[in-house]
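Asker: Chains as they are written, first to last, in my numbering: chain A, 378 to 496; chain B, 150 to 321; chain C, 51 to 675.
In case anyone wonders, no lab produced these hints; they're calculated from the structure.
Treat the numbers as computed from the prediction; the structure is a model and nothing was measured.
Be careful, since some hints might not be right.
The list that follows gives simulated cross-link-like pairs (lysine to aspartate or glutamate, DMTMM-like), each with its CA atoms no further than 25 Å apart [as the list claims (entries may be wrong)]:
| hint | chain 1 | residue 1 | chain 2 | residue 2 |
| --- | --- | --- | --- | --- |
| 1 | A | Lys406 | B | Asp275 |
| 2 | C | Lys593 | C | Glu559 |
| 3 | A | Lys465 | A | Glu445 |
| 4 | C | Lys568 | C | Asp512 |
| 5 | B | Lys188 | A | Glu445 |
| 6 | B | Lys228 | A | Asp424 |
| 7 | C | Lys430 | A | Glu445 |
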Amino acid sequence: MKILSIIIILLFNNTISFSNENKKNEILKNLRCLVCQGQTISDSNSDFALTIKDVVDEKVNEGLSKKEIYSFLSDKYGDWILFNTPLKKNSYFLWFMPYILFILGGVFLYLVIKKRAQK
Amino acid sequence: MKKKYLVIIYSIAIFIFFVLYLSLGKNKIYSTQDNIGKKIPEVQLNYFDKDGHFDTKEISNSKFTLLNFWASWCGPCRKEHKYLMELSVSSNLIIIGINFKDEKKNAMKFLSEMGNPFSVLTTDFDGKKSINFGIYGIPETILINEDLKIIKKYVGPIDDKDVRQIKKIINK
Amino acid sequence: MLSSFGITVSTISLLLSLSLLYLSYYDLKLSNNKISKKIYKFAFSQILFIFLSFVTLIIAYIISDFSLINVYENSHTTKPLFYKISGTWGNHEGSLLLWINILVLFSFLFLILNKDKNKNFKLYTIIFQNLLISAFLIFLLTNSNPFSSLYPIPTEGTGLNPILQDPALAIHPPLLYIGFVGSSIYFSIALAALITKVESKSLALTIKPWVSVSWTFQTLGILVGSIWAYYELGWGGFWFWDPVENSSLMPWFLMTALLHSVLVLERRIGLYSWVIILSILTFTMSVVGTFLVRSGILNSVHTFANDPSRGLFILSFLALMVFSSIFIFFKYAPVENKNYKIFSKESFILINNWFMVFFLAVVLIGTLYPVFLDTLTGQKISVGPPYYNFILAPFLLPLLFLMTSGPRHKWISSNVIGIFNIALFTSIILFFVIFLSINEGGLLLLLILLFSVYLITQTTFDFYETFKNKNINLSRIISHFGFGLLILSISLNQIFSVEKSFNAKLGDEKNFQNYTIKFKNLETFSKNNFKSVKGHFEIIDKKNITSQNLTPEIRVYNQPETITYEASINTKLFSDTYLTMSNISNTDIFNIKFHMKPFMNFIWFSVLLISFGGILQFLRFEKRV
């Protein structure tokens, strides 16, 4: 019971302690710097990255949600700019395949172990 | 049974190798072609040569419009400038220049030396406005039709071929 | 001069490999029990000549012989000697030569170290290994020749990218190559074992030392690469889930799986085919990684210069290798003896393999899916850290739990008690101690903390028990302890990291949380190959009333012209302070990035511990034989 209450507090605590600063940092870490080689906007010092940082800063201060900012940028630059791949038709395979493989592997393993343990 | 597995595995492998083979020849330069077909965003751009601002809502819907993002510090912009000059005489096309992160003095010098192809000259001093157009490096050029929809997007300097393509579209 | 010498020597190496192929094939048919002396002689000359070609290239770098295109493009006379030498393998052609050297080295060591093995088994291994060697030598000589000459001879080279001039990166490729190129030998052994129907115990004993060696080096290679990224890239992170990093991780998962399943094979007859499949897959994944890194089909921080013809060669080679191994496997795969019982410990090892293969699949899908989608549909998407964290992190919980309880099970009996024991109790208490000092972090992260603490305490108990009865596997304890510590440190690092990015001018002062950062001074100076702008900052921690001075730099190198951002890092036992700066164009404002990174030393140390376990396992094996 004690553990349960702690868990609830934790979950709750987590959502309210999210400051603008954290929100901004999180967004910048999830954006690809288009003019760099696989770098995030947060890591990059390029001119493009600095501009995007300013824009995100502005949007966060205007009170836009994370989702709104992501969709604003992906609208302009395509999903290529998002490192946190959105769940869409074209990424179902990416997001679900690992779980399917894990389950299939587990079933296979279970059958092998069960079959051999009986003998 | 054994044969069936072999065939399945071989087919998967062949598919994977085939895709990897195709990917080798792909052009790796990224461009925001997704924006084609979308309506241009509503943005207010400050005039560069006078006070006040230009609203993209004012873009003429009786003619084609070319948005050109440029700066005096950008080498390729120099290279494409003569093509912009060439296009600026077309009666069916308005060219709007958006000067990108530049100093006014240098930009004006650039235009007085090379000529001014822009009917409307605006500025994006900190580069934030350009984000609305999906710009990530200059020069970039966007062609807009009478319905204010983006129909072409050129990343990097435009050349002879692009000019011909633009002329063909606007003189249709 | 060196150019033609180098080409001659490598051509002779190729001829020697081809002769070895012929000789071994011929020797197969002879009825004597021993491998012919000739093969030893040829193998010896082969390693001599391939070393000679590598040494030739190193000498060309040391004396800056710009008649070699490769030296011209990657070196410079003013470069320090150390980086001239390490520049040899800092580029595609040179590193390919290193690749081949390791293939030959492992082939040679295998030949001389396995004196009493079945003759045909050995010969087939040599044949497969030399097929690999020949293919890569042909690739080297026809497509990526480090000895290609240049005329007229330039007087100066274009220089090595300054971010590659770093001690960690000098040793990173050799370590990593010994790791994943080393896996070639058990690829060859596995195919040879199939054809010659070697029995399972013998197969296990043959590949085990090679697996532990390559696994250890792969682990160390990944560690050093990660340290390099942390210190040199100046991004404040140590792992970016970048496609190239993933390429080094993929074979590692398989090596880990193999390291465990070999234990079963050694004691009992199960898993024969599975070990063969893993051995083949490990080297296949290594070549896949090489293909991804060098063909330029990926958008990554670390790519070599792109050249589609290279990619085409490696891809064709890979296809040939995969198709023929599948064919050999299906033709010779033994009918598995299904009449044995799987006991609890074996189940645990199989479960380990299940997880490792799953991790591999996630990383492989994440890395390749964007390439496939782009090629097939033209849609471009990015897969980054959020994807891997989201999918993989929950699976750490059962993995940590199994790593704790699995090894405690006996080989034969299958009792389930002993999971809830004193170690679990201790770790729950420890967990609450940690928990009380933490007030943020998600639930998942906290559970991972709990389980890693459990693993650490349990392995510590196990360690204590080794002194009572000397029969427990020390290498396992150390590696598992290291892994627990790694996950614990990473989680704590995640939770306690402080990060702040802001713009400042000289003289500015920034206050946030408990910190004050003062921008005190700015100096510019030039050294022989770069100009530098150095900022002097004072960081005051108001809570602990400490102050420290950090000096990040912006360097503009002239050969080749590159700007690098040098992080200034103050490393203390429990926490690193990390500062970088970059200038904002056309202004006197700088963008400052501040990181407080706790437990970094623990992360490095725990990976060292993990690989130390690999060394111990190798030594333990040597003692027994």
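Asker: Which hints, by number, does the structure contradict?
Answerer: Of the numbered hints, just 4 does not hold.
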